[in-house]
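Asker: The task is simple: from the sequences and hints, build the whole structure.
Chain residues, written in single-letter form:
2 protein chains.
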Amino acid sequence: MSLIEPLEAVIEEFSKFPGIGKKTAYRLAIYLLRRPAKDVTRFTDSVTSLKQKVTFCKRCFNLAEGDYCMVCSGLKRDGSKICVVEDITDVMAIERTHEYDGLYHVLGGVLSPLSGVGPEDIKLYELFNRIREENVKEVILALNPDTEGDTTSMYIVRNLKETDVRISRIARGIPIGGDIEFSDDATISRALKGRITISNE
Amino acid sequence: MSLIEPLEAVIEEFSKFPGIGKKTAYRLAIYLLRRPAKDVTRFTDSVTSLKQKVTFCKRCFNLAEGDYCMVCSGLKRDGSKICVVEDITDVMAIERTHEYDGLYHVLGGVLSPLSGVGPEDIKLYELFNRIREENVKEVILALNPDTEGDTTSMYIVRNLKETDVRISRIARGIPIGGDIEFSDDATISRALKGRITISNE
Numbered sequence: 001m002s003l004i005e006p007l008e009a010v011i012e013e014f015s016k017f018p019g020i021g022k023k024t025a026y027r028l029a030i031y032l033l034r035r036p037a038k039d040v041t042r043f044t045d046s047v048t049s050l051k052q053k054v055t056f057c058k059r060c061f062n063l064a065e066g067d068y069c070m071v072c073s074g075l076k077r078d079g080s081k082i083c084v085v086e087d088i089t090d091v092m093a094i095e096r097t098h099e100y101d102g103l104y105h106v107l108g109g110v111l112s113p114l115s116g117v118g119p120e121d122i123k124l125y126e127l128f129n130r131i132r133e134e135n136v137k138e139v140i141l142a143l144n145p146d147t148e149g150d151t152t153s154m155y156i157v158r159n160l161k162e163t164d165v166r167i168s169r170i171a172r173g174i175p176i177g178g179d180i181e182f183s184d185d186a187t188i189s190r191a192l193k194g195r196i197t198i199s200n201e
Numbered sequence: 001m002s003l004i005e006p007l008e009a010v011i012e013e014f015s016k017f018p019g020i021g022k023k024t025a026y027r028l029a030i031y032l033l034r035r036p037a038k039d040v041t042r043f044t045d046s047v048t049s050l051k052q053k054v055t056f057c058k059r060c061f062n063l064a065e066g067d068y069c070m071v072c073s074g075l076k077r078d079g080s081k082i083c084v085v086e087d088i089t090d091v092m093a094i095e096r097t098h099e100y101d102g103l104y105h106v107l108g109g110v111l112s113p114l115s116g117v118g119p120e121d122i123k124l125y126e127l128f129n130r131i132r133e134e135n136v137k138e139v140i141l142a143l144n145p146d147t148e149g150d151t152t153s154m155y156i157v158r159n160l161k162e163t164d165v166r167i168s169r170i171a172r173g174i175p176i177g178g179d180i181e182f183s184d185d186a187t188i189s190r191a192l193k194g195r196i197t198i199s200n201e
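Residue numbers (my numbering), protein chains in the order written: chain L, 1 to 201; chain H, 1 to 201.
Hints in this document: simulated from the structure, not taken from any laboratory. Among these hints, one or two may not hold up.
Identical chains share a label here; the pair holds if one copy fits it or two copies do between them.
[As the list claims (entries may be wrong)] Straight-line Cα separation of at most 25 Å, SDA-like style, residue types lysine to any residue; simulated pairs:
#, residue 1, residue 2
1, K16, P119
2, K123, C72
3, K53, E138
4, K16, L75
5, K53, M92
6, K58, K123
7, K58, L33
8, K16, T89
9, K53, F17
10, K23, E181
11, K22, I94
12, K58, F128
13, K53, R42
14, K123, F17
15, K76, V117
16, K58, G19
17, K58, V40
18, K22, D90
19, K193, R42
Remember, predicted model here, so these are calculated numbers, not experimental data.
Answerer: What follows is the structure, encoded as structure tokens:
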């Protein structure tokens, strides 16, 4: 006995989601099958509405409910600073601090030759265009401190060599509340290299 | 900056799925957001069609595309035997062997006092009704050999004590291709207790 066709179709669709295998896809499909019809309709309606109402900002690729995101349409934002992040969640994390008043640029990924992600797969050219066309004075690289984040940062630095834009990178070191004793060597080494003189402050 | 409402709604919906936490729900929602509109429509259509076309068999609660499942509407099935299983996948696993010619009864779960699953939450009363109303001669318990499966089996046995239905349980022992040396004690003990005389066969 093979599976019923409409069930197979849903399993097939769920299997395409990131991190969802055949078994999980089956479990999700059966879950939907067991829910009341109105719950399933609410689910599909929410997905349809997501796709209809939520877009990506035309300028920085953050989430938007129109052409531009809340940050890009904010009046008091400093357009001379662009903070480059990997994902929308990074924007949210930085916004939560209320410390940053500039704009963002969401790459939607990082360079990863092993996974086949090249410069054309993420919003790198769009970043370089913005820097050319907007009055950008500083680019702040806020990518994750791992190999792929570093590779992407290096790629950006290399491509902006000819411009007079200031490039900075967010500090790496021991996290607040962290413990030097239990920090890994690379983090301690980075924290030492990135030390800041305080005696004359 | 909080999340945009339509995105929050989808994350909320995905979070209700079994085994899906907030972070995964977010990832799934963003995945949908990045897909072309036609892919998302195909996804929601497949879910709608699943819910419209696939039902549960009115008799055994196996998957069906009408009132009754393929097994229950099969002509050459022996209606005097009911094999009790936990889930639809168990039906599929047993059907794959082509060894069983009786009917099924899908409980849709097992008794689990710790998770709050009582007799009324699974199709137990429906099983007892079938045994009363149909001409059932044997009930084969094919629940998983774990605490919850054993509890459920015991519950069924106790409730059928007054009937003259024969109750059997699928054998437990060393799996085919398995290794006695590396089998756990409980399995070896079960295999010994369930030994079958072969000298006079």
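Asker: Hint by hint, say whether it matches the structure.
Answerer: To see whether the hints hold, each was checked on the structure:
1. In this assembly of identical chains, the alpha carbons of K16 and P119 lie at most 25 Å apart only when taken from the same copy (24 Å versus 36 Å across copies).
2. For the homomeric pair K123 and C72, the shortest alpha-carbon distance inside one copy (16 Å) is at most 25 Å, but the shortest distance between copies (55 Å) is not.
3. Neither within a single protomer nor between protomers do K53 and E138 lie at most 25 Å apart by alpha-carbon distance, with minima of 32 Å and 57 Å respectively.
4. Taking identical chains as interchangeable, the C-alpha atoms of K16 and L75 are never at most 25 Å apart, the minima being 40 Å within one chain and 38 Å between chains.
5. Taking identical chains as interchangeable, the C-alpha atoms of K53 and M92 lie at most 25 Å apart only when both belong to the same chain, with a minimum of 19 Å there against 41 Å between chains.
6. When the C-alpha separation of K58 and K123 is checked against a cutoff of 25 Å, the pair qualifies only within one copy, where the shortest distance is 11 Å, while the shortest distance between copies is 53 Å.
7. Taking CA atoms no more than 25 Å apart as the test, K58 paired with L33 passes between copies only; the shortest distance there is 15 Å, against 38 Å inside one copy.
8. In this assembly of identical chains, the alpha carbons of K16 and T89 lie at most 25 Å apart whether taken from the same copy (22 Å) or from different copies (21 Å).
9. Within a single copy, K53 and F17 get their C-alpha atoms as close as 21 Å, and across copies as close as 23 Å, so both meet the 25 Å cut-off.
10. For the identical chains of this complex, K23 and E181 are neighbours neither inside a copy (42 Å) nor across copies (30 Å), given an alpha-carbon limit of 25 Å.
11. For a Cα distance limit of 25 Å, the shortest separation of K22 from I94 across copies, 19 Å, qualifies, whereas the shortest one inside one copy, 36 Å, does not.
12. Taking identical chains as interchangeable, the C-alpha atoms of K58 and F128 lie at most 25 Å apart only when both belong to the same chain, with a minimum of 14 Å there against 62 Å between chains.
13. Both within a single protomer and between protomers do K53 and R42 lie at most 25 Å apart by alpha-carbon distance, with minima of 16 Å and 18 Å respectively.
14. Taking the shortest Cα distances, K123 and F17 sit within 25 Å of each other inside one copy (22 Å), while across copies they are farther apart (32 Å).
15. Within a single copy, K76 and V117 get their C-alpha atoms no closer than 35 Å, and across copies no closer than 55 Å, so neither meets the 25 Å cut-off.
16. Neither within a single protomer nor between protomers do K58 and G19 lie at most 25 Å apart by alpha-carbon distance, with minima of 28 Å and 35 Å respectively.
17. Taking the shortest alpha-carbon separations for K58 and V40, only the inter-copy value of 21 Å comes in at or below 25 Å, while the best intra-copy value is 32 Å.
18. For the identical chains of this complex, K22 and D90 are inter-copy neighbours only, at 16 Å across copies versus 30 Å inside a copy, given an alpha-carbon limit of 25 Å.
19. Taking the closest pair of Cα atoms, K193 and R42 never come within 25 Å of each other, the shortest separation being 53 Å inside a single copy and 52 Å across copies.
The structure does not agree with the numbered hints 3, 4, 10, 15, 16 and 19 stated previously, though it agrees with the rest.
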